[in-house]
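*Asks:* Put together the whole structure using the sequences plus the hints.
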Amino acid sequence: MHGLDRITQNPAIMGGRPCIRGMRVTVGMIVGQIAAGVPIDALLTDYPYLVREDIAQALRNAAWRAEEREILLAEA
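Sequential numbering of the sequence shown, starting at 1, is according to our numbering.
Among the hints, erroneous ones may be present.
[What the hints assert, rightly or not] Estimated spans, in silico, between C-beta atoms of each pair:
#1 A42 x I13: 22 to 32 Å
#2 L73 x G37: 33 to 43 Å
#3 A12 x R52: 19 to 29 Å
#4 V51 x A12: 15 to 25 Å
If you're looking for bench data, these hints aren't it; they were derived computationally from the structure.
Using N, Cα and C, we set each Cβ at its ideal position, and we do this for glycine too.
*Replies:* The following block contains the structure:
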């Protein structure tokens with residue numbers, strides 16, 4: 001997705017899952033923490049190497065992936 005320059009995927013890091021700036025911090029971890037009620041400011045305190053834009057892009061990436069559609073192809 002365009003505009004998500006902080007989201008990286010590398011097979012050698014966290015098994016290729018989407019991560020923040022090549023670090024071992026996954027989009028799933030960020031989204032899971034927020035879903036569990038952890039405030040963004042608390043995440044930024046707990047992970048001082050993250051910035052607010054990292055979290056915003058993680059949420060945008062998760063939202064984009066949630067909107068993916070599967071298209072079933074007819075069998076020949």
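*Asks:* Taking the hints in turn, state whether each one holds.
*Replies:* Hint by hint, here is what the structure shows:
no.	hint	verdict
1	A42 x I13: 22 to 32 Å	25 Å, holds
2	L73 x G37: 33 to 43 Å	41 Å, holds
3	A12 x R52: 19 to 29 Å	27 Å, holds
4	V51 x A12: 15 to 25 Å	24 Å, holds
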